[in-house]
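Chains as they are written, first to last, in this note's numbering: chain A, 1 to 131; chain B, 1001 to 1131.
No lab work stands behind these hints: they were computed from the structure.
Where is the CB? At the ideal position from N, CA and C, for every residue including glycine.
Take these hints with a grain of salt, some might be off.
What follows is a set of in silico ranges between Cβ atoms, one per label pair, in the way DEER data are often shown [stated by the list, open to error]: (1) Gln106/A with Asp1041/B: 13 to 23 Å; (2) Trp1104/B with Arg27/A: 39 to 49 Å; (3) Asp58/A with Thr1038/B: 43 to 53 Å.
Calculated from the model, a selection of chain B residues having no Cβ within reach of chain A, i.e. all distances over 12 Å [stated by the list, open to error]: (4) Lys1018; (5) Pro1023; (6) Asp1025; (7) Arg1027; (8) Asp1058; (9) Arg1066; (10) Ala1117; (11) Arg1118.
As a plain string of letters, each chain reads:
Protein chains: 2
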Amino acid sequence: MTAPAPPTELLVCVKCRKGMDVPADDRRPGQRLYDEITARDAPEGVRVTAVECLQNCDYGCTVALRGGDRWTYVFGNVDEASHSDMLLEGASLYHQTADGLIPWRQRPEHFKRNCIARIPPLTPQTQEPAE
Amino acid sequence: MTAPAPPTELLVCVKCRKGMDVPADDRRPGQRLYDEITARDAPEGVRVTAVECLQNCDYGCTVALRGGDRWTYVFGNVDEASHSDMLLEGASLYHQTADGLIPWRQRPEHFKRNCIARIPPLTPQTQEPAE
C-alpha cells in the first residue's frame, strides 16, 4: 500500500463579475461557476473551496489549484457555463502529481494558455530570515 | 513578550525576460532584480528566495509575498532597476500583518495597481475531501 496523495484544493473565486455590471441581487459569474462545479462529483482527493476574490479581476473567472508539496497554479479566463468538467478533470490530473506539474500532453488546453501565475511549494528552509 | 511574526518570504522570478530577447549569456531582468534586492539588507523577518518562473511572463518582472497564515500575493510589472527599495518596504509592511493585507493607505502604489493574483492562507479544513 502506498500513502494517499495529499489533498488537492480547487479554489473558486465566487465574487467574480467578469468585468460585467452585475446587479446586487443577481448571481455573479463566479458564484455560477462554483455552483456548476459543486453540482458535480469532485474527483478523489479534491476539495472545492469558495474564495472571496483571487484578485485576478481583469481575467476572470478565476480558479486556483493547490495542496501538499505541489506548486500552486492560478488559472484565469474560465467560462462559468462550460468549463466545470474540464476544471475537475484538470484538478484530478493535478492531484495525481507530486509536484503539481501536469505532464504537458495531458494538461488541459485551457490550463496551457491561461495560467495567470504559479507559486512554488513551501520547501524546507535552508536559509534563516533576517533578524 | 509577544511571539515573533511568522517569517515572510519574498519570492523573485529570476528567469524573467520581460518579453525581451535576452542573449543566453546575458543577465536576465529577473536575475538583475534579484541581485538588486539581495544587495540590500532584508527587513526583519523577511527572506528573499529566487524562483524559476512564476509564469506571469506577460507582466514581468514578477515577485510574490507569502508566509505564515497570510494571503499570498503576486505582483507584476516590476522594474528591475528602480523597484527594489519599494519591494523591500512592502515586504516589511506585509510582514507586520497577520493576514497579509497591508492597510490600503500604507500599501505601496505599485502593489495597488499591479496585483496579479492572491491566494488565501491555508486554513483549518472544515470539509473532508472526496474519497
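Evaluation of the provided hints:
1. Gln106/A with Asp1041/B: 13 to 23 Å: violated, 45 Å
2. Trp1104/B with Arg27/A: 39 to 49 Å: violated, 28 Å
3. Asp58/A with Thr1038/B: 43 to 53 Å: violated, 31 Å
4. Lys1018: holds, 15 Å
5. Pro1023: holds, 26 Å
6. Asp1025: holds, 26 Å
7. Arg1027: holds, 22 Å
8. Asp1058: With a cut-off of 12 Å, aspartate 1058/B comes too close to chain A, as the shortest Cβ separation is near 9 Å.
9. Arg1066: violated, 7 Å
10. Ala1117: violated, 4 Å
11. Arg1118: violated, 5 Å
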